[in-house]
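Peer 1: Place chain R on chain W using the hints.
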Amino acid sequence: MRFMPLIWGSLRRKRVRTFFTLLSIIVAFLMFGYLAAVRSAFDIGVQIAGVDRLVLTHKTSIILPLPLSYQDRIANVPGVVDVANATWFGGIYQDPKNFFAQMAVDPERYLRLYPEFLIPEEQKKTWMADRTGAIVGRYLVDKYHWKIGDRIPLTSPWQKKDGSNTWEFTIDGIYDGATKTTDTTQFIFHWKYLDEARTRRNGYVGWYIIRISPPDQAPEIVKRIDGIFANSDNETKTSTEKAFMQGFAKQVGNIGAIITAILSVVFFVILLVAGNTMMQSMRERITELAVLKTLGFSNSLILTLVLCESLLMALLGGALGLSLAWLLISRGDPTNGALPIFFMPTSSAVMGVVITLLLGLATGTLPAVQAMRLRVVEALRRA
Amino acid sequence: MQRLLNWFTQVYAVGILNLRTLPQRFGSSAATVVGVAGVVMVFVAVLSIGEGFRATLTETGSPATALVMRTGADTEMMSLVSLEDSRIIQDAPGIGRTPSNGPLASPEMLVLVDVPKISTGTAANVPLRGVTPVAFEVRPKLKMVAGRKFVPGRNEIIVGAGALREFAGLQMGDTKQWGRTDWIVVGVFTDGGSVAESEIWADLNVLQGAYNRGTIVSDVYARLVSPGDFEKFKAALTTDPRLSVRVVRETEYFAEQSTTLTNIVTRLGFLIAAMMGVGAVFGAINTMYSAVATRTREIATLRALGFGGGPVVISVVAESILLALVGGLIGGTIAYVVFNGYHASTINWRSFSQVAFAFRVTPALLIQGFVYSVAIGLVGGVFPAVRAARTSVAAALREL
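From first to last, the protein sequence lines are chains W and R.
Numbering follows my numbering, with no gaps: position 348 of the first sequence is 362.
Numbering follows my numbering, with no gaps: position 235 of the second sequence is 491.
Where hints are given, some of them may not hold.
Stated by the list, open to error - Below, in silico cross-link-like pairs of lysine-lysine (BS3-like), each with a Cα-Cα straight-line distance of 25 Å or less: (1) Lys-73/W with Lys-432/R; (2) Lys-256/W with Lys-194/W; (3) Lys-256/W with Lys-73/W; (4) Lys-73/W with Lys-251/W; (5) Lys-432/R with Lys-251/W; (6) Lys-432/R with Lys-399/R; (7) Lys-194/W with Lys-161/W; (8) Lys-206/W with Lys-161/W; (9) Lys-264/W with Lys-111/W; (10) Lys-264/W with Lys-432/R; (11) Lys-237/W with Lys-432/R; (12) Lys-490/R with Lys-174/W; (13) Lys-194/W with Lys-73/W; (14) Lys-264/W with Lys-251/W; (15) Lys-139/W with Lys-161/W; (16) Lys-206/W with Lys-175/W; (17) Lys-432/R with Lys-405/R; (18) Lys-490/R with Lys-111/W.
Stated by the list, open to error - Pulled from the structure, derived: some chain R residues nowhere near chain W, Cβ distances all over 10 Å: (19) Pro-279; (20) Ile-344; (21) Leu-368; (22) Lys-405; (23) Ile-440; (24) Tyr-477; (25) Thr-494; (26) Met-531; (27) Ala-650.
Because the hints were derived from the structure by calculation, they are not lab data.
Don't be surprised by glycine CBs; every beta carbon is placed ideally from N, CA and C.
If we strip away everything but chain W, and leave its shape as in the complex, we get (with noise of 0.2 Å):
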């Protein structure tokens, strides 16, 4: 530590280089951090996935419906602990481009099967009593500035028995996610007012969502739910929530791939730039170096110089770079709607401290063992 102002005083040597130096470093975990955000939004439906809850589709396809018949056979088979059930409404709200989650469900189901959706006792109670009324999330509140109240119209393909494809709704309330990936995109209104109205597919819903007890009984429960529907019209196909959203992950692509791969070549340039200079800095200290030696500095005294040279603009940089990503990403989703729950997941931050270190090592290292091995005679000379 008392070698300190000797570490300081090397980097202040050339400033400028020292300064834009760190910059590309900085450029480096910034970068690091954001694109970690946007990897973990792209999966996010993955992490949210509730632990003990299960997804039943229609075996054939994911467009075809349930009969609302299969909900009290679901719920008699040992482990199932409560179900709901869900529709997808496919409405459009003023324009094509505005998309977000409309579903019809079971009020009280829907909310029990989803406890992490809040929502004050008042407004749920008001909802439950309107057969027109919906919730919607707080992310929707604040893209689209509604209110409670507001009567939000939605245009949609479901053809009305009167005849219009004009479905009213009234606001009712405003629920908010427990934690910060709660899913809060979602509308929410009662499936009894589509099936009413709508002139087809009445009495079908489109998927299931079961509780059950205990969540590492899954794999069997699962078999003896689908067990009980095979062979029938409407074979379904039963899996864990995580399972069901890691499906339409991958139906994306493989994100996390192309993100690996941008950012190896981020950092693969990065080390370029960075050991370039340290390299530099260290050709032009040759003789400083070999007059310390000649002073009586050990040669692992002088290795352990130039790696906490090159260590320290490392953590500065990368301290610098985080901090920035977590600022820029706090301003929200870049893409303007697709990735709403968007937030610096904390194993990518611990990531970064690391890679930190690993960069001031790589960097270096090559310097400090050419400076360890250096003969004093000969770098003296040189000057």
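Peer 2: Quick look at chain R alone, frame taken from chain W:
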């Protein structure tokens, strides 16, 4: 005039000197070149995803083909059109005729089926389209490249070239079981690189039966006599009191479908490229500063000899731009060679179905990349150049 010529000669002389001494600064120059190459490569590669996806969805649609869906449906999947309605649509004005004088209007039904994706091994939603023979005439670019078309009435399917590439178990002769029905693959088709190549096609009536849809279809594809007939076609259908439909050109429909993904990719792509570019600028500045530093004496000598500050600045900036441009060329070439035509598939968020596409490195993208690299070189060279020109000659000569 003489002064101008003199000035140019100076720039040339200093420039040549810089270039000749470049080998001495090989390490840091190489670092800049590699840095800029990396930036341009990532920039072009990421944006080529969006270009490829967009190309598949938009450039392959025809402005003379119109889709008729139910009002309020934003995708074919959500739309339902009855048999009577599809007959009314077939009689609308503006529709072209087949050789046998039938209307070029194809009623089609679109559903999704679960097929494992080869690259991840997990299930993906693939579009399965039920069509009648006229569908092949509504799509003039469609042709069979292996096997034959399905025979109407049989449980046979034909697969698009993209679907064949991306999803498992769709080889000729393979059987697929969806619902209670077994389907056998009898042919492979291409359609000019359009989104139809990500689909599986079957006979409409057989599919309707398998999915209990009665006589209902999803929509009607109509090939108009010319793109200009669209307005009268649309007017006739939207003012008909018996119908409640939405009429859109195939090109517009595809454009709508692709916005979400193209949006994501473009925004993220530019963001990443911007951040990398900033990093590359700092790298370039570093290189040029050291380039200038090692030649302080030379530059001072030149100035003592009478070379103006201007030529010095220009030559340093020129060197920086040259290095960056070389990096840009390398990066662009790598991106083109490695990524152009790279096949992939992803989910179209609008309809939850898969679209097979290929990364597309367009000339416009490459030019953008080059411009970017020149900009990096410019910004990277300016500060060191100005500093080199401003240092007093005496101080510089003293720096040994």
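Peer 1: Would you mind confirming whether the straight-line C-alpha gap from Lys-432/R to Lys-405/R stays at or under 25 Å?
Peer 2: holds (17 Å)
Peer 1: Check the hint pairing Lys-206/W with Lys-161/W against an upper bound of 25 Å on the C-alpha distance.
Peer 2: holds (24 Å)
Peer 1: Quick one, are Lys-264/W and Lys-432/R close enough, alpha carbons at most 25 Å?
Peer 2: holds (22 Å)
Peer 1: Far enough from chain W: is every CB of that chain over 10 Å from the CB of Ile-344/R?
Peer 2: holds (16 Å)
Peer 1: Taken at face value, is the distance from the CA of Lys-73/W to the CA of Lys-256/W at most 25 Å?
Peer 2: holds (17 Å)
Peer 1: Would the non-interface assignment of Leu-368/R survive a Cβ cutoff of 10 Å against chain W?
Peer 2: Given a closest Cβ separation of 5 Å, the condition is violated.
Peer 1: Please verify whether Lys-206/W and Lys-175/W have alpha carbons no more than 25 Å apart.
Peer 2: holds (14 Å)
Peer 1: If you draw a straight line from the CA of Lys-264/W to the CA of Lys-111/W, is it 25 Å or shorter?
Peer 2: OK: Lys-264/W and Lys-111/W at ~24 Å, within 25 Å.
Peer 1: Taking the shortest Cβ-to-Cβ distance between Tyr-477/R and chain W, state whether it exceeds 10 Å.
Peer 2: Tyr-477/R is indeed farther than 10 Å from all Cβ atoms of chain W, at 17 Å.
Peer 1: Is the Cα-Cα distance between Lys-490/R and Lys-111/W 25 Å or less?
Peer 2: Between Lys-490/R and Lys-111/W the Cα gap is close to 22 Å, so the pair holds against 25 Å.
Peer 1: Taken at face value, is the distance from the CA of Lys-251/W to the CA of Lys-264/W at most 25 Å?
Peer 2: Roughly 18 Å between the alpha carbons, so the hint for Lys-264/W and Lys-251/W holds.
Peer 1: Just double-check Thr-494/R for me: nearest Cβ-Cβ distance to chain W has to come out over 10 Å.
Peer 2: holds (13 Å)
In summary, the structure is inconsistent with hints 13, 21 and 26 from the numbered list given earlier, while agreeing with the others.
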